[in-house]
Amino acid sequence: MKRDSANVIPLARPDAPAIRVTKLSKTYPGGVEAVKGIDFEVAPGEMFGLLGPNGAGKSTTVGMLTTTIAPSGGSAELAGFDVVAEPLAARRISSVVFQEAVVDRELSGRRNLDLHARLWGVDVKTAATRIAETANTLGLAELIDRPVSSYSGGQRRRLEIARALVSEPRVLFLDEPTVGLDPRIRRELLDVIAGLRARNQMTTLLTTHYLEEAEQLCDRVAIIHQGEIVALDTPRALLAGLGGEIVELRVEGDAGAALALLRARGIASEDALNVGSTLTVPLHNHGAAEAISAISAAGLKPLQISSRTPSLDDVYLRLTGDRIAVAA
Amino acid sequence: MTTLTALSTLAGRRFQLTARTPRQIFVPLLTPIFFALVVAPALQSALGGLGTHIDYTTFVAVGTVGLLVPLTTIFAGLSVIVDRDSGAQPELLAAPVPRSLLVLGNLIVALTLSALQVAVLIATATAYGDDFQVTATGVLWFVGAAVLFAAFMYGVAETLASRIPKQEEYIGATPAVAILPWFFAGALFPIGALPGALTAFAKVLPLTHALALMRFGLLGDGGSSLHDIWGMGSATGEAFLSLAVVALFAMAFTALAIRVFTRAALR
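Taken in order, these protein sequences are the chains called W and A.
Residue numbering for the first sequence follows the numbering used here, starting at 315 and increasing by one per position.
Residue numbering for the second sequence follows the numbering used here, starting at 272 and increasing by one per position.
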C-alpha cells in the first residue's frame, strides 16, 4: 500500500517545481514507444506548452502526470509529489480539462462543479462561493442550473474549465482544450485560458497542436516529436533562432541544387531547408527585399516567392523536417 | 476528506444519474413480474404445481428474484461502460480518492436499486395472493441472501464492464450471465428434478444457494431446496452453509471487480 489514503493527504511542497519530469517514458503493450525519456521542469505560476502533432506523445505525457497512465520508466512529480508513489496527493493538487468531453450530461452544470468540489475536499460553503465566482468569470451564470446536455460545445468547454478551477489547483492540465471547436468559440476560449494566468500561482500545462495557441499563451514551449522533446524555450527564443524573416520559394527542378546555390551565395544558412519543391530560407543577415533580389541575381526563377515572419511551425519544420499541420 | 464522504459523493452521483434513466429502474422488473404473475399460475394450472403443501406461484415468485437481481445489476454495469465512453469517468479517475471507491459507490446504488425492485416484486406477488410465511428471522435470511447475491452479481457485472470494450458485446453477454443460470438454479422447479449431472452443476451456482436461502426465509424449511443441495439433517445448518457460499462469491467477485477496474483504469 502506498502512503496515500483518502484521509491523509499532505499539503503541497511549496519549494518544489510545480512539475518535474525526469527521463519519463511510456511504451504501450505491443511495443509502441509513445514517450521516450523526456525531461522538463515547470515553475510555479508558469504557463507551459507541449506542442506537437497528434501522436507526438502529448496526451500520454498528461496521462502519466494525471496518474491515468502508468509510466514505463523515469519519474514525474507535481509540487514534489511523485505521481506513482503518491498518486492521491498528486491528484489532490491538480485538475484536468480533458481533450474529449468529460461531463455528466444529464446533471446540471452546478452539480458537475459541486461533484468536483466534493471529491477534491472543498467544504460545502467554500464550494458554493467558488462555483458562483467561477461561473460568473467564465460566463456560465445563466446556464449553471441547466442540464449540461443543453449546452453548446463552447459552453460545455467553459464548464469543464470552471470545474477544474473550483478546487483551486496548483497545477492545471489543459489537454487540447480547443480541439473540435469552431473558430469563434476557439478565440473566446483562448481569451478565457489567457485569463487563467492571473490566478494566483497556478501552473498550467497546455497541450496543443495549434501553433498560435502556444505562441500566444505560453511562457515556454516544449516541442514534442515522436515521443521526444526536440526543443524547449520561450516562443520568442525559439523564433529568434530563425532570424527576423523567412523567405519561402517554390522552384522548378532540383530543389536541393537550388538550396545549395543559395547557400553558396551566402543567402541561405545551414538552417534553410527544402521540403519537396519548396525552399524555406530563414534570413539572418539580409532583409527580405535584399534576399529576393539576390535570389534573382543568382539565376533562380522561382514559381512562387514570398516573405513572412517566422512561426513555431518553422521551428518545428527545421527540427523535424515536417510541418505540424501536415503531421497533425 | 474522509473515505465515507467520498463514497457518499460517488454513490450520490450514481443515484442521480440512475434516477434520470427510469428505464434502468423499470425494465428489469417486467420479465420477473410477468413470470411471477402470468407464467407461474399458467404452469401451476397446466402441470398441477409442486405436489407439496407449498403453493407453486409463491415458489416461483421467490424464484423470480433470481432473475430480477441479475438483470438489475447487469443494467447497472452497462452504465459503467456509458460512463467510461461518454460520461465523467476520466474526471473521477483524476480525483484524489482511491479508485476502489468508484466501484463501491456503484455497488451501493446497485444494491439499493435491487432492494427496491425486489420489494416491489414481493409486494406485487403478495397483492396477487401469494402466501409468504413472514417472520423476523425469515426476513433476515431473505434479505441477507438477496443482498449478498446482488453484491456477487454486481461484482460480475462490473468486472465484465471493465473487461468488455463495447456496449454491444456487453449486452450480448447478458443472456449467458443473467438469464441462463436462472433455469438451472431451481427458480421454476426444485433442482432435484434436473438430470443428475445438471443437479451437481446447479449446486455450485451461487444463485441456487441464494434462492434456497430466500425460500427458507419466506416459505419456511419445506419450501427451500437447502436439503436438495446439502442433504443434511439441520435446515439451519444448511442455511448457514449456503449463506457462507453466497458470501464467499460476493466477497470474491467484489474484490475481483475492484482489481479489474483499477487495473483497467491505469493504462
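In case anyone wonders, no lab produced these hints; they're calculated from the structure.
Wrong hints could be hidden among the right ones.
[What the hints assert, rightly or not] Residues of chain A clear of chain W, computed beta-carbon distances all greater than 12 angstroms: (1) THR273; (2) ALA277; (3) SER316; (4) HIS324; (5) ILE325; (6) PRO361; (7) ALA386; (8) GLY467.
[Claimed, not checked] Just so you have them, the derived chain A footprint on chain W, three or more residues with Cβ under 8 angstroms: (9) 424 to 435; (10) 583 to 590.
The C-beta atom is built at its ideal place from N, Cα and C for all residues, glycine as well.
Quick rundown of the hints versus the structure:
1. THR273: violated (6 angstroms)
2. ALA277: Label violated. Min Cβ-Cβ 6 angstroms, cutoff 12 angstroms.
3. SER316: The claim stands: SER316(A) keeps its Cβ more than 12 angstroms from every Cβ of chain W (closest is about 45 angstroms).
4. HIS324: With a cut-off of 12 angstroms, HIS324(A) remains clear of chain W, as the shortest Cβ separation is near 50 angstroms.
5. ILE325: holds (45 angstroms)
6. PRO361: Violated, because the least Cβ-Cβ distance between PRO361(A) and chain W comes to about 5 angstroms, which does not exceed 12 angstroms.
7. ALA386: Given that every Cβ of chain W is farther than 12 angstroms from that of ALA386(A), nearest at about 23 angstroms, it holds.
8. GLY467: holds (45 angstroms)
9. 424 to 435: With 8 residues in contact (Cβ-Cβ under 8 angstroms with chain A), the coverage given for the stretch 424 to 435 of chain W holds.
10. 583 to 590: violated (count 0)
Against the hints set out earlier in the document, violations occur for numbers 1, 2, 6 and 10.
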